[in-house]
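Asker: Since chain A is already given, all that's left is putting chains B and C on it; use the hints.
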Amino acid sequence: MKYSEQSIQELLEAAQFTEGLSSEMISGLAQHARLLKVEAGTVLFAEGESEDEIFVMLSGRAALEMTVPRRGRVRLLTVGPGELLGWSGLVDEGIMTATALVTSEAQLIGLSSSRLLELSESDHHFGYRLMRQTARAVSRRLVATRLQLLDLYADMEPESDQDLK
Amino acid sequence: MIRPSVQLTHDPWLAVPAHVTEVIRESPGVMTYEITLDDPQTHQRFRFEPGQFNMLYMPGIGEAAISISGPTDCDGRIPHTIRTAGNVTRSLAEAGEGAALGLRGPFGSRWPIADCTGRDLVLVAGGIGLAPLRPVIYEIVRHRDHYGSVTLLYGARSPSGLLYTQEHAAWRSEGITICTTVDRAESDWEGNVGVVTLLLDRLRLNDPNNTTLMMCGPEVMMWYTVQSALRKSIKESDLWLSLERNMNCGIGLCGHCQFGAQFVCRDGPVFRFDQVASILRTDDL
Amino acid sequence: MTDVEPEQSPAGFLNKVDLQTLIDQLHSEGYTVIGPTIDQAAIVYAEIHSVDDLPIGWSDEQGPGHYRAVNNRTDTYFAFTVGPHSWKKYLFPPQTLMSVAERTSSGWRFLSQAEAPVEKYAFLGVRACELAAIQVQDRVFLEGPWRDPVYAARREAALLIAVNCTQAAATCFCTSTGTGPDCRESFDLCLTELADGFVLESGSTRGNLIATKLPLTEATASQIESAAREQQRAVQQMTREVDLSGVHDLLVQNPEHPHWDDVAERCLSCTNCTMVCPTCFCSTVEDIPDLSGDRVERRRQWDSCFNPDFSYMNGSIVRDSIRSRYRQWLTHKLGTWHDQFDRSGCVGCGRCITWCPPGIDLRDEIVKLQQHADDADSRESGSEGTL
Chain A
1 MKYSEQSIQE LLEAAQFTEG LSSEMISGLA QHARLLKVEA GTVLFAEGES
51 EDEIFVMLSG RAALEMTVPR RGRVRLLTVG PGELLGWSGL VDEGIMTATA
101 LVTSEAQLIG LSSSRLLELS ESDHHFGYRL MRQTARAVSR RLVATRLQLL
151 DLYADMEPES DQDLK
Chain B
1001 MIRPSVQLTH DPWLAVPAHV TEVIRESPGV MTYEITLDDP QTHQRFRFEP
1051 GQFNMLYMPG IGEAAISISG PTDCDGRIPH TIRTAGNVTR SLAEAGEGAA
1101 LGLRGPFGSR WPIADCTGRD LVLVAGGIGL APLRPVIYEI VRHRDHYGSV
1151 TLLYGARSPS GLLYTQEHAA WRSEGITICT TVDRAESDWE GNVGVVTLLL
1201 DRLRLNDPNN TTLMMCGPEV MMWYTVQSAL RKSIKESDLW LSLERNMNCG
1251 IGLCGHCQFG AQFVCRDGPV FRFDQVASIL RTDDL
Chain C
2001 MTDVEPEQSP AGFLNKVDLQ TLIDQLHSEG YTVIGPTIDQ AAIVYAEIHS
2051 VDDLPIGWSD EQGPGHYRAV NNRTDTYFAF TVGPHSWKKY LFPPQTLMSV
2101 AERTSSGWRF LSQAEAPVEK YAFLGVRACE LAAIQVQDRV FLEGPWRDPV
2151 YAARREAALL IAVNCTQAAA TCFCTSTGTG PDCRESFDLC LTELADGFVL
2201 ESGSTRGNLI ATKLPLTEAT ASQIESAARE QQRAVQQMTR EVDLSGVHDL
2251 LVQNPEHPHW DDVAERCLSC TNCTMVCPTC FCSTVEDIPD LSGDRVERRR
2301 QWDSCFNPDF SYMNGSIVRD SIRSRYRQWL THKLGTWHDQ FDRSGCVGCG
2351 RCITWCPPGI DLRDEIVKLQ QHADDADSRE SGSEGTL
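Protein chains in written order, with the numbering used here: chain A, 1 to 165; chain B, 1001 to 1285; chain C, 2001 to 2387.
For reference, chain A alone in the conformation it holds in the complex (with noise of 0.2 Å):
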């Protein structure tokens, strides 16, 4: 899949997370968006840490991670193409809840988010529905996550083997 040839604002058209956004709007964002391969094994972003970039997924996979004493990194959900990496710093301080590993090669769409903050507060119209698609992907991200935490299989799968002959 060759994304060089395309332009950033044809791709961003394209991606789930812009639907809304009128083609000014999106070149605006495109104008602050960089498109980037990643080789499985980079670390995006890392827990803990301040970063200012979010990530559109376009293809490819990522892993989000978080370490725990003595348990070391435990993977918590594997992320694809059209879904969004990174929003602390568009709604929250800043600081990454989770690491992103890169699991299998990568192409994404980083955009700046202090920079879509400042477009936000220009323009609320921009801001509105730019937060409305972040809410839309944090949702989604919850009811997933919630559905892994409900435990569906614990009594499809024992902990462990009974002890029979």
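Quick caveat, the hints were computed from the structure, so don't treat them as lab data.
Glycine included, every Cβ here is placed at the ideal spot set by N, Cα and C.
Honestly, I wouldn't trust all of these hints.
What follows is a list of derived Cβ distance ranges for each label pair [said to hold, decoys possible]: (1) ARG1077(B) x LEU2097(C): 29 to 35 Å; (2) GLU2156(C) x SER1278(B): 35 to 41 Å; (3) ALA1277(B) x ARG2295(C): 54 to 60 Å; (4) SER1160(B) x ARG140(A): 26 to 32 Å; (5) ASP2290(C) x ALA1277(B): 45 to 51 Å.
Listed below are several chain A residues computed to face chain B (Cβ distance under 10 Å; list not exhaustive) [to be verified]: (6) ALA30; (7) ARG61; (8) GLY80; (9) GLU83; (10) VAL143; (11) ALA144.
Just a sample of chain B residues kept apart from chain C, beta carbon distances all over 12 Å, derived [stated by the list, open to error]: (12) MET1031; (13) GLY1060; (14) PRO1079; (15) LEU1103; (16) SER1173; (17) GLY1175; (18) THR1180; (19) ASP1188; (20) GLU1190; (21) GLY1191; (22) ASP1207; (23) SER1233; (24) ASN1246; (25) PHE1263; (26) ARG1272.
Answerer: This is chains B and C only, laid out in the frame that chain A set:
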């Protein structure tokens, strides 16, 4: 109501004698028992359709309804994948290979694989829910050219809960795309983490109007899978689920398995989504 | 089993003093006669050997949660309606052997009960609602994708001698369910009691053959008119009717109706209603091994959707509240039974009303569900804001 296709005996209450000829330990607490019918003529006559189940009978203990998880041409050696949970499955696990038991069946409704020629198929399974879908996979592999693209999306609690992993490579080589995911990763797990519905969200369909989706797993998982499928414009009448309820007789006469107007043993366990859509979310029905 | 439409013989008349000849004839043909009799202050069904076993001079007084057998000081044989027993006690017994497993040197041998000899019963005194109830159970056990051979054998052997009701209890509502009070079909013989005897009709070849052995005279026009008048009294006494049109949709579309909470507070989930109901068919099959474990009987026993663990699955109970269990029972009986069996499961016999300890009357419950549904509809179409 579905008329039975095969009747092993004149009396639907009567079991036929059988033995456990092989036991495979699939994952902690989950075993596959290959059951062979004792009488060669009955053995010859046994036929089932994907989605159906048998009542396995341990005399003195009771019966349990178990999905048939093998190929439809399994030639009388019938695999059943079961989680060890109640008295019957525990006694079966303890008795193991060589155990003598009884079998009544096959009962229940079938997956619509026979009506899917030329269609793209998506199978979504959660945990032990892959067991009732495995006969569909075998059917697909037998006639791969009858179907369009075939994708299996499979989730389990943890990597050790994924069933039949030793067969996945063979299925892939037969042109079935398989994506697996787990709710919780173990340290050496390199695959997807997250609920199986995310895999469906990410799946690109050739044509939602030409896609049939069959699912089996916990009801909450199936509900969210349905939502995801509908968002992708798959029609309600192309969504199929396998449900579970307390079964006692397996033949629609004891009343235990009723779910709304449906007898899960007789009108199901495989249902088309629109048949159960209105009652699926009432949890105490 | 009763066959369809034989040539209609003219009605006969059997003198009251000759009723024993009917019982004798049945005995000589090898039937065990089951009929009404007084036991523990109620009119129940049990084996009867002579007319003296019948509840001569007994009537009943019924209401929600109320039953009294009352002596009417006359020589009537059938001047009552229905008691706590129904004929399912014999066709679909409380406990039935379904199969036997015997251990062999190489495994197990399984023995069917489908051809086991069954007792030939003659049911004396089957009411119209009960004929309907037997039809309902016939559809469940004989007309589904899986036919029950154990029920079939008993049913085939049974002879049905119907009796037209000449009064109605306060709990009867067969006119609302369209299942009585007059017996129209599906019987072998039918009797209507008059002061001095019985107008007798036959409804099948088997019935005909028995009738020819009885000391009957041809029923006179006046006797036939009297019989019609007696039957009419039953219709007139049925004052508490209920409109059941649309009840399927009412129940199926209202699983969250607030009225279910109201009934749940009164219902004890005691299962009385399901035991006395002539159409309820829920059961559980259980294994009963002998001491050695080499011979195991598989017995089917009556169960009830009101029993908490009836819906037990994977470690929890699906219908874990009285509310959900009562809703299941009523929605099934009057609602989803239609989807399953193409008719109602209720025959208007009123037993569930009589034998309910807190006296829940499903006729009232239906009316309340209907009222609230109507209120909800009018609220929706009005402008009263959110509920």
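Asker: If a hint holds in the structure, say so; if it does not, say that too.
Answerer: Tested hints:
1. The supplied range of 29 to 35 Å is met by ARG1077(B) and LEU2097(C), whose beta-carbon atoms lie about 32 Å from each other.
2. Between GLU2156(C) and SER1278(B) the C-beta distance comes to about 40 Å, which sits within the given range of 35 to 41 Å.
3. For ALA1277(B) paired with ARG2295(C), a C-beta distance near 47 Å fails the hint of 54 to 60 Å.
4. Checked against the hint of 26 to 32 Å, the C-beta distance between SER1160(B) and ARG140(A) comes to roughly 28 Å, which is consistent with it.
5. ASP2290(C) and ALA1277(B) have their C-beta atoms about 48 Å apart, which keeps the hinted 45 to 51 Å range intact.
6. Among the interface hints, the one on ALA30(A) is violated; its C-beta lies about 24 Å from the nearest C-beta in chain B, farther than the 10 Å criterion.
7. Taking 10 Å as the C-beta contact cut-off toward chain B, the hint placing ARG61(A) at the interface holds, the least distance being around 7 Å.
8. At about 5 Å, the closest approach between the beta carbon of GLY80(A) and any beta carbon in chain B falls short of 10 Å, and the interface hint on this residue holds.
9. With a cut of 10 Å, the hint placing GLU83(A) at the interface with chain B holds, because the nearest CB-to-CB distance is about 8 Å.
10. Satisfaction of the interface hint for VAL143(A) is found here, the shortest Cβ-Cβ separation to chain B being roughly 8 Å, below the 10 Å cut-off.
11. Evaluation of the ALA144(A) hint against chain B yields a held restraint, the C-beta minimum of about 5 Å falling below 10 Å.
12. No beta-carbon of chain C comes within 12 Å of the beta-carbon of MET1031(B); the shortest separation is about 17 Å.
13. A beta-carbon of chain C comes within 12 Å of the beta-carbon of GLY1060(B); the shortest separation is about 4 Å.
14. Residue placement check: PRO1079(B) keeps its beta carbon more than 12 Å from all beta carbons of chain C (closest about 19 Å).
15. Its closest Cβ contact with chain C, about 10 Å, brings LEU1103(B) to no more than 12 Å, contrary to its assignment away from the interface.
16. Annotated as non-interface, SER1173(B) keeps its C-beta farther than 12 Å from every C-beta of chain C; the closest such distance is 35 Å.
17. With a cut of 12 Å on Cβ distances, GLY1175(B) stays outside the contact zone with chain C, its closest approach being about 35 Å.
18. No beta-carbon of chain C comes within 12 Å of the beta-carbon of THR1180(B); the shortest separation is about 24 Å.
19. Distance check on ASP1188(B): its Cβ is at least 30 Å (rounded) from any Cβ of chain C, clearing the 12 Å threshold; non-interface status holds.
20. No beta-carbon of chain C is positioned within 12 Å of the beta-carbon of GLU1190(B); the least distance is around 32 Å.
21. Against chain C, the non-interface label of GLY1191(B) holds: every CB pair exceeds 12 Å, the least being about 27 Å.
22. Residue-level check passed: ASP1207(B) sits 34 Å from the nearest beta carbon of chain C, beyond 12 Å.
23. Distance check for SER1233(B) against chain C: the nearest CB is about 28 Å away, which clears 12 Å, and the non-interface claim stands.
24. The Cβ of ASN1246(B) does not lie farther than 12 Å from every Cβ of chain C; its closest approach is about 5 Å, which violates its non-interface assignment.
25. Not every CB of chain C lies more than 12 Å from the CB of PHE1263(B), the least distance being 7 Å, so the non-interface label is violated.
26. Chain C leaves ARG1272(B) outside its interface by the beta-carbon criterion, the shortest separation being 15 Å against a cut-off of 12 Å.
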